[in-house]
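**Q** This is what each chain is made of:
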Amino acid sequence: MKTVNVNIVTPDGPVYESAVEMVSTKAQSGELGILPGHIPMVAPLEIGAVRLKKEGRTELVALTGGFLEVRPEQVTILAQAAEPATEIDIERAKEARQRAERLLQAQQDNVDFKRAELALRRAMNRIDVYENKM
Amino acid sequence: MASLRDIKNRITSTKKTSQITKAMEMVSASKLSRAEDNAKSFNPYMNKIQEVVASIATGAKDASHPMLENRPVKKTAYLVITSDRGLAGAYNSNVIRSAMNAINSRHSSKDEYVILAIGRVGRDFFAKRGMNIIDSIIGLPDQPSFADVKEITGKAVGMYADEAFDELYMYYNHFVSAISQEVTEKKVLPLTDVAAETSAMTSYEFEPSPEAILEVLLPQYAESLIYGALLDGKASEHAARMTAMKSATDNAKDLIDSLSLSYNRARQAAITQEITEIVGGAAAQEN
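From first to last, the protein sequence lines stand for chains U and B.
Here the first sequence is numbered in the working numbering, starting from 1 and rising by one per residue.
Here the second sequence is numbered in the working numbering, starting from 1001 and rising by one per residue.
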């Protein structure tokens, strides 16, 4: 089966590199599925998971704030933070979720709601990815 | 001439100091190699983001974004990257001096600029002079991750977007080699020179539109420029500290050598004097 090389890089270094059969992820304009031979494209991504289909299995990588660059032979995902499902620190993510929920429920004026909400979404995303990895 | 004991004490204390500087030199050497690794692992990200930004900037000429455009400058921001601790030779003073020179030559009043300080030395310096520090971050780890600096980079880019300032310069030590670091001034915002390298660009489809992508991409790009400078600065800091500590150790060794020489001289003089006194005493008894 034809494959496409996928690279996921963050400022802290490369996170994932492999040849896969299909990449699917959530862009800001909706779900995107990339097969080998796709035309060159750039799209910003939502906080969410990347699903990488490889030899019948699906691997998941949690992403925060990134975008996708596609070339026929090569898909590059640039993200501010990314973790494969197996490397997620689930305790930390759960703590972050609690913290964000507390902040959101506090209903105080000095709470930066937008930031708390983003933090909550990031934490939920990590937890989802972690729990779906089987 | 100093007494024997004084000299002995100085030798001992110099030896102790040189042990410390020697240890610091080795610690900095290992931190330097890790800092270099960090900078290396950041490179793929930086290259890629640069490539995409450049190809969008050249490929979609009609796409515009506030971060790409010069606007009349009412306020300038200076991001100065220093270290938290001293004992790094001229590392901090070089950066601060060049930032101060630029500020003094460009501005006549304190209302025309603001400071973003990374590192305790810089923050204290500017705070002492009553300059307007809008944000500072201290206590960064020696190997900062992107999450550690996200706050200040996000704030710097956000404030530019909110027009709290109209230009952003950064000052940091660029790591050339273990013995040489160069103070570098870099204009981060507005991003005017993104389309510099335009060799063999891919023409992309933009999903949904070039503007929407620039919206996401440019803040990230500006933030990664700052993060890159910070990694560069950290590597320089460790290199500068290593060199400074190496010369301190060498100087201590020279000092110990010359002190040992005068110690031996003084000891010899004391012995000679004692012999002369004994000989003199014996000669006096013979008569």
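Simulated from the structure, these hints should not be mistaken for laboratory data.
Where hints are given, some of them may not hold.
[Said to hold, decoys possible] Anything over 10 Å on all C-beta distances counts as not near chain B; from chain U, calculated:
| # | residue |
| --- | --- |
| 1 | Leu32 |
| 2 | Pro84 |
| 3 | Thr86 |
| 4 | Leu104 |
[Said to hold, decoys possible] Listed next, the stretches of chain U that the computed footprint assigns to chain B, with coverage defined by at least 3 CB atoms under 8 Å from CB atoms of chain B:
| # | stretch |
| --- | --- |
| 5 | 3 to 15 |
| 6 | 39 to 53 |
| 7 | 75 to 82 |
| 8 | 118 to 132 |
The C-beta atom is built at its ideal place from N, Cα and C for all residues, glycine as well.
**Q** Just want to verify: Pro84(U) was marked as not at the interface with chain B; is every Cβ pair farther apart than 10 Å?
**A** 16 Å, holds
**Q** Could you let me know if the closest chain B CB is still more than 10 Å away from the CB of Leu104(U)?
**A** 20 Å, holds
**Q** Check, residue by residue, whether the stretch 118 to 132 of chain U contains three or more positions whose beta-carbon lies closer than 8 Å to a beta-carbon of chain B, and give the verdict.
**A** violated (count 0)
**Q** With a cut-off of 8 Å between beta carbons, are at least three residues of the stretch 3 to 15 of chain U near chain B?
**A** This one holds; 7 residues, not fewer than the three required, reach chain B with a Cβ under 8 Å.
**Q** Using Cβ atoms and 10 Å as the threshold, tell me whether Leu32(U) really stays out of contact range of chain B.
**A** Non-interface label on Leu32(U) violated, nearest chain B Cβ at 7 Å vs cutoff 10 Å.
**Q** Minimum C-beta separation from Thr86(U) to chain B exceeding 10 Å: can you confirm that?
**A** Check passes; 19 Å lies beyond 10 Å.
**Q** Between the stretch 39 to 53 of chain U and chain B, see if three or more residues pass the 8 Å beta-carbon test, and mark the coverage as holds or violated.
**A** As far as the stretch 39 to 53 of chain U goes, the hint holds, because 6 residues have Cβ atoms under 8 Å from chain B.
**Q** Within the stretch 75 to 82 of chain U, is the number of residues with a Cβ closer than 8 Å to a Cβ of chain B three or more?
**A** Per the Cβ count (4), the hint holds.
Hint compliance for this structure: hints 1, 8 are broken, all remaining hints hold.
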